[in-house]
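Asker: These protein sequence lines map, in sequence, to chains A and B. Counted from 1, the first sequence has number 39 at position 39 by the numbering used here; the numbering is strictly sequential. Counted from 1, the second sequence has number 287 at position 58 by the numbering used here; the numbering is strictly sequential.
Source of the hints: derived by calculation from the structure; they are not laboratory data. Please note that a few of the clues may not be correct.
[Unchecked claim] Below, simulated DSS-like cross-link-like pairs (lysine-lysine); rule was C-alpha separation at most 30 Å, straight line:
#1 B/K303 - A/K190
#2 A/K99 - B/K303
#3 A/K100 - A/K190
#4 A/K122 - A/K190
#5 B/K306 - A/K122
#6 B/K303 - A/K100
#7 A/K101 - B/K306
#8 A/K190 - A/K101
#9 A/K100 - B/K306
#10 A/K101 - B/K303
#11 A/K190 - B/K306
[As the list claims (entries may be wrong)] Only part of the chain B face toward chain A is listed, based on derived beta-carbon distances under 8 Å:
#12 F258
#13 L261
#14 L267
#15 V295
#16 L297
#17 M300
#18 G307
#19 W319
#20 T333
Think of the CB as a built atom: it goes at the ideal place given N, C-alpha and C, for glycine as much as any other residue.
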Amino acid sequence: MSEAATVHDANPTGFAHQFEDLEQQREAGRLGMWVFLATEVLFFGGMFAAYTVYRSLHPVAFDIGSHLLDVRFGATNTAVLICSSLTMALAIRSAQAGKKKGTIIWWLVLTIILGALFLFLKFRFEWYHDYLEHTIPGVGFHNLPQWGANAPQVQMFMCFYFFMTGLHALHMIVGIGVLAVLTGMAGRGKFTSQYFAPLEISGLYWHFVDIIWIFLFPLLYLAGGRYPH
Amino acid sequence: MSDSTGHAGHAMDEVHEHIVPVSTYVAIFVSLLLLTALTTGMAWVDMGRWNLVVALAIAVCKALLVVLFFMHVKYNKGLSRIALVAALFWLGLLITFTLSDELTRHWEIYPRGWAGAILPMFRHLIF
């Protein structure tokens, strides 16, 4: 019994005995992550549905609110996340192709750096600016005189902005934590061309978070267009 | 023990994963960056209500590229596709039925500001 357990622990392929083969094991892991992502789609979906309703009710206020955001940071952060999706995909690929563990670690660390850069830009330049301008939901939430009768609904837009990007940022932070664990596993030589399921399913999560931002960017930063009205 | 290693050895032969070429990933990456530039640029073009349609269409294209290539849905023909379709189906239900309700009624009272939305709900509990 103990001998069998030792053999299993020493199993370099990461193969769990309840599965027929590694392919079935990976398929099961993938399905589990996709089911989790389906629940995440609905988690964010509630916010997107609420956003849709309020934007259809108050298009002018959402237009004003959107102009409070800086498109340059939104677009830059979109590009940063797309870069991080590429480096994540290349991390998985280097494990699949049986590259040295240094290569896998390099791509993972690069992904972490890009994820952290996204959060840095968002917190340091966008949210901090909004904090100074008192356009953050909470105590001291200001109405600007030029908003006129739209002021409460502009505040509503800012709430959507902070809760949607906040939930997204929370997912980024969790993702960076997952990537740190993966980097540690890669350092211990866990991943081979046969066993890379943790990398693969974490990659699915990371790309999903990227997709959420792909929709948040036009909905929050580009609402109402940027042409002169 | 021999069974265990034999099983694992057998498992190793079974893995034949499709490895996506780096050139494909880079092509998708460049397309995503170009689409980001396009959607940003289109915000400065006055198309009226079509601005939103174009922005969402570009976002859907970008999401498709990520799902098909980065998330390997193009290469993995399995149950994960059903989970993806189920997610989109329920998201569609959520938004369609919410909108069919909201857009066919004319609510007299809707939240006026974020505090005004929450506090009146609890007023009868307090007073």
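Asker: What's the verdict on A/K100 and B/K306, does the C-alpha distance respect the 30 Å limit or exceed it?
Answerer: Holds: A/K100 and B/K306 sit about 29 Å apart, inside 30 Å.
Asker: Would the pair A/K99 and B/K303 pass a check requiring their Cα atoms to be no farther apart than 30 Å?
Answerer: holds, 24 Å
Asker: Does B/M300 hold up as a contact with chain A if the rule is Cβ-Cβ below 8 Å?
Answerer: Given a least distance of 5 Å, the restraint on B/M300 holds.
Asker: Does A/K190 pair with A/K101 here, judged by a C-alpha cut-off of 30 Å?
Answerer: holds, 9 Å
Asker: Are B/K303 and A/K100 close enough, with their CA atoms no more than 30 Å apart?
Answerer: holds, 27 Å
Asker: Is the interface hint for B/W319 satisfied, with its Cβ closer than 8 Å to some Cβ of chain A?
Answerer: Hint holds; B/W319 Cβ to chain A Cβ min 6 Å, cut 8 Å.
Asker: Quick one, is the B/F258 hint okay against chain A at 8 Å, beta carbons?
Answerer: holds, 4 Å
Asker: Does B/K303 lie within 30 Å of A/K101 when you go C-alpha to C-alpha?
Answerer: Between A/K101 and B/K303 the Cα gap is close to 27 Å, so the pair holds against 30 Å.
Asker: Holds or violated: the hint that B/V295 contacts chain A, with Cβ atoms closer than 8 Å.
Answerer: Hint on B/V295: holds, closest Cβ of chain A at ~5 Å, below 8 Å.
Asker: Are A/K101 and B/K306 close enough, with their CA atoms no more than 30 Å apart?
Answerer: At roughly 29 Å apart (the allowed maximum being 30 Å), B/K306 and A/K101 satisfy the hint.
Asker: Run the distance test for A/K122 versus A/K190: straight-line Cα separation, threshold 30 Å.
Answerer: Answer violated: A/K122 to A/K190 is near 34 Å, above 30 Å.
Asker: Should the interface hint for B/G307 be scored as holding, given a Cβ-Cβ cut-off of 8 Å against chain A?
Answerer: At 6 Å from the nearest chain A Cβ, B/G307 passes the 8 Å test, so the hint holds.
Hint compliance for this structure: hints 4, 5, 14, 16 and 20 are broken, all remaining hints hold.
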